[in-house]
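Protein chains in written order, with the numbering used here: chain F, 1 to 244; chain U, 1001 to 1256.
In short, the hints are calculated from the structure, not lab data.
Partial pick of chain U residues on the chain F-facing surface, computed with a CB cut under 7 Å:
1) Y1159
2) F1163
3) G1212
4) A1213
5) A1216
6) F1219
7) T1225
8) L1226
A short, non-exhaustive set of chain F residues, derived as facing chain U with CB atoms under 8 Å:
9) K74
10) D89
11) F92
12) P111
Straight-line Cα separation of at most 20 Å, EDC-like style, residue types lysine to aspartate or glutamate; simulated pairs:
13) F:K62 to F:E6
14) F:K74 to U:E1220
15) F:K173 to F:D124
16) F:K173 to F:E142
17) U:K1134 to U:D1235
18) U:K1018 to F:E131
19) U:K1061 to U:D1235
20) F:K173 to F:E202
21) F:K71 to U:E1220
22) U:K1134 to F:E131
23) U:K1134 to U:D1013
24) U:K1018 to U:D1007
Glycine residues also receive a C-beta, built at the ideal position from the N, C-alpha and C atoms.
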Amino acid sequence: MEYAIEIANLSYSYPDGQQALRDINLAIETGESVALIGANGAGKSTLLLHLNGIMRSDGAIKILGLPLNDKNLKQARSKVGLVFQNPDDQLFSPTVFDDVAFGPINMGVHPNEVRQRVSQALHDVNMAGYEQRSPQHLSVGEKKRIAIATILSMSPQILVLDEPTANLDPRAKWELIELIRGLPMTKIVASHDLELVTALCERTIILDSGSIVADDSTSSIMSNTPLLERYGLAPTSRLAIAFD
Amino acid sequence: MKHSFLDRYSDRDSLLHKLDPRTKIVTAIAFILAVALTPPPSWQAFALYFVIVAIAILISKIPPLYVLKRSLVIVPFVLLIGIFIPFLKPGDASGSYNVWIWNVSHSGLMVLWGIAIKSWLSILSLILLSATTKFTELLKGLEQLRMPKLMIMILSFMYRYLFVMVDEVSRMKQARDSRNFGGKRTWQLKTIGNMIGTLFIRSYERGERVYGAMVARGFEGQMRTLSSLQFRTADLYFVAAFFFCLSLVGITFLFM
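Hey, can you work out the whole structure from these sequences and the hints?
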């Protein structure tokens, strides 16, 4: 089986000494959709930032069989598309076009093909015709879609999403989930939105205090209430009784 | 949240709006240069400059009152720079202008008039430029006119994040006011100081995240964009007409 991502013995501590990731070992096959769940501060975002080398530490990471090091960094980044949690961080250009074109231009794609990729990516997220709009005048849901388009235009083989449904109302959230479901590449989604995880991913990994504490099919993890409760992902049993 | 646009009226449709941003930038700068180089005593020249701007404003279909109101922002600057000159500049004191014990010199008044009329005409042309050109187009134009990339990047980030920060501030103010902000003046000042500090730290952290998002998409320190600007024949006519008017003013009042 071919692996999209292989991580071996990855640990990371913040500059202030706080340990964010402890000895992560993980292999994700190509074409899989994997959810990374865990409470706030469990290390989800830190792990995601390692996947395209924005954060570096000891431990070996392989992207599609290619070891992540200084030499391969650029190549790896065009294979792993990282969508940040806050679209205001991801969209920094004065127009939507400039933002979606940013990745392909940096990859050295020919101008004509850049234009083609931009309109294709915007079409894929149902935002065609927004090229000349300014991100600051869009709704959060629209910004999210554009943020995904900025990654799709680089045609990555692995799509990494950090809290894709944060700050979205239910309608925008389900529209976005449908959109992401339709994308063919390998997907890694960090979230604590269990509805999203159930709808999108067949495999789920629970992260707690920087360690992987569970790694199983989504259905078996979602039905294991004590496990979810232990890691702060479901209501405590007292509250659950109150609901019934 | 909704904001006023920096470049209000720039999405209207007129001859001036359709011109290439480079045409507008170059003519605006040429106009300012001509205004700045005209000696203050030749008031007829200034009158004609005004006519040129006024015609341009009419063509652009921008409400003249809006332009006029916005042009008032220069008043404090002009006053700050120029108001003392008539009193301080030595020269032939013209008796009738005397204010109490201070002598008002004629040459000093001339300098004040020069500063006022030149800055007003210049700001009119700049308002016209920004009201007929989308900010993004303006940036593209400046970039093609070889303005340093670093400046373009700073301006474009400013344009993008100005209102994000305004939102941030208004949310902080709401949070502060809903907890009964008040009390002693020193306490208030301390709170405001803390808010400014928080805003700074948040912006700094946002900067880090934005940089992360850029690096994730292959940013290596060089901002590259695709340009789609194109001169049209209208640009040629506009430039020709403009420089014709300008040289007419020059010939009539400066060399005759």
